[in-house]
Amino acid sequence: KQEVTQIPAALSVPEGENLVLNCSFTDSAIYNLQWFRQDPGKGLTSLLLIQSSQREQTSGRLNASLDKSSGRSTLYIAASQPGDSATYLCALTGGGNKLTFGTGTQLKVEL
Amino acid sequence: EAGVAQSPRYKIIEKRQSVAFWCNPISGHATLYWYQQILGQGPKLLIQFQNNGVVDDSQLPKDRFSAERLKGVDSTLKIQPAKLEDSAVYLCASSPDQRETQYFGPGTRLLVL
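As given, the protein sequences belong to chains C and L, one line each in that order.
Be aware that the first sequence starts at 1, since it is given in the numbering used here, and climbs by one per residue.
Be aware that the second sequence starts at 1, since it is given in the numbering used here, and climbs by one per residue.
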């Protein structure tokens, strides 16, 4: 059974700081990995999707990497802004095409 | 392009009552998902449809939960009877096909008293 862990559970940083969110998983037999953002009271927004054959994806100030051999993915946010405050979830598509989510990292970017 | 629509947005019921949630996916999306997200946890897949067929319902508590996707478009999720532990946000998502990016609706927040 796939287990997905996200560390830290919560993070508070000053505006402008670069930061890294971590996601680890136990089963490397995955099709892809996604990073989502969830704002309070709202649904999830997909930020980046990395196919299993890829090593990283970039979108604006976001960069996600994938290392299947070590069972890890990181989401790098450059020059953080207060608008980046949200909960960030990683999710993996594995056997049976099922998406398994981590518990998330709650990010707060302070002025 | 219109996103995934869900209704109602909020629902408060007493235990042992029944409740139903509705989802309208993005037009043309073949795959539809229902997730349950308990406070402080990540979403858990309840059921996945491919067109109007069920692909995965292994984590759906079938003694009280049911779902259908008639004509391969809209879907409803029903709970009967509800328990206190069913209090959660129920998220609907759709994707063009399996293994592709999923687009989520705003969710329905259920409180069972």
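It cannot be assumed that every hint is accurate.
Said to hold, decoys possible - Straight-line C-alpha distance at most 25 Å; calculated BS3-like pairs for lysine-lysine: (1) L:K83 x C:K42; (2) C:K68 x L:K62; (3) C:K42 x L:K44; (4) L:K44 x C:K98; (5) L:K62 x C:K98; (6) L:K15 x C:K98; (7) L:K78 x C:K98.
What the hints assert, rightly or not - Non-contacting residues of chain L with respect to chain C, defined by C-beta distances greater than 10 Å in every case (computed): (8) K15; (9) A20; (10) G40; (11) L45; (12) Q48; (13) D63; (14) A88; (15) R99; (16) T101; (17) R109; (18) V112.
Derived by calculation from the structure, the hints in this document are not laboratory data.
Since the model is a prediction, treat every value here as computed from it, not as a measurement.
Built from N, CA and C at the ideal position, the CB exists for glycine as well.
For each hint, the structure was consulted:
With a CA separation close to 24 Å, the supplied pair L:K83 and C:K42 stays within the 25 Å bound. Taking the CA atoms of C:K68 and L:K62, the gap is near 34 Å; set against the 25 Å cutoff, the hint is violated. For the proposed pair C:K42 and L:K44, the alpha carbon gap of about 16 Å is at most 25 Å, so the pair holds. Distance check on the hinted pair: L:K44 and C:K98 sit about 10 Å apart at the alpha-carbon level, within 25 Å; holds.
Distance restraint check for L:K62 and C:K98: the Cα-Cα separation of roughly 18 Å lies within the 25 Å cut-off, and the hinted pair is therefore satisfied. Of the pairs offered as hints, the one joining L:K15 and C:K98 is violated, with about 30 Å between alpha carbons and a cut-off of 25 Å exceeded. Distance check on the hinted pair: L:K78 and C:K98 sit about 21 Å apart at the alpha-carbon level, within 25 Å; holds. Even its closest Cβ contact with chain C, about 24 Å, leaves L:K15 beyond 10 Å, as expected for a residue assigned away from the interface.
Distance check for L:A20 against chain C: the nearest CB is about 19 Å away, which clears 10 Å, and the non-interface claim stands. A beta-carbon of chain C is positioned within 10 Å of the beta-carbon of L:G40; the least distance is around 7 Å. Non-interface call for L:L45 relative to chain C: violated, since the shortest CB-CB distance, roughly 6 Å, does not exceed 10 Å. Look at L:Q48: its CB is around 7 Å from the nearest CB on chain C, not clear of 10 Å, so calling it non-interface is violated.
Residue placement check: L:D63 keeps its beta carbon more than 10 Å from all beta carbons of chain C (closest about 21 Å). Non-interface call for L:A88 relative to chain C: holds, since the shortest CB-CB distance, roughly 13 Å, exceeds 10 Å. Consistency note on L:R99: stated as away from chain C, yet its beta-carbon is not over 10 Å from all of that chain's, at 5 Å minimum. Against the 10 Å criterion, L:T101 falls within the reach of chain C, whose nearest CB is about 5 Å from its own CB.
The Cβ of L:R109 sits about 8 Å from the closest Cβ of chain C, inside the 10 Å cut-off, so the non-interface label is violated. At roughly 19 Å, the least C-beta separation between L:V112 and chain C is larger than 10 Å, which holds for a residue marked as non-interface.
In this structure, the earlier hints numbered 2, 6, 10, 11, 12, 15, 16, 17 are contradicted, and the remaining ones agree with it.
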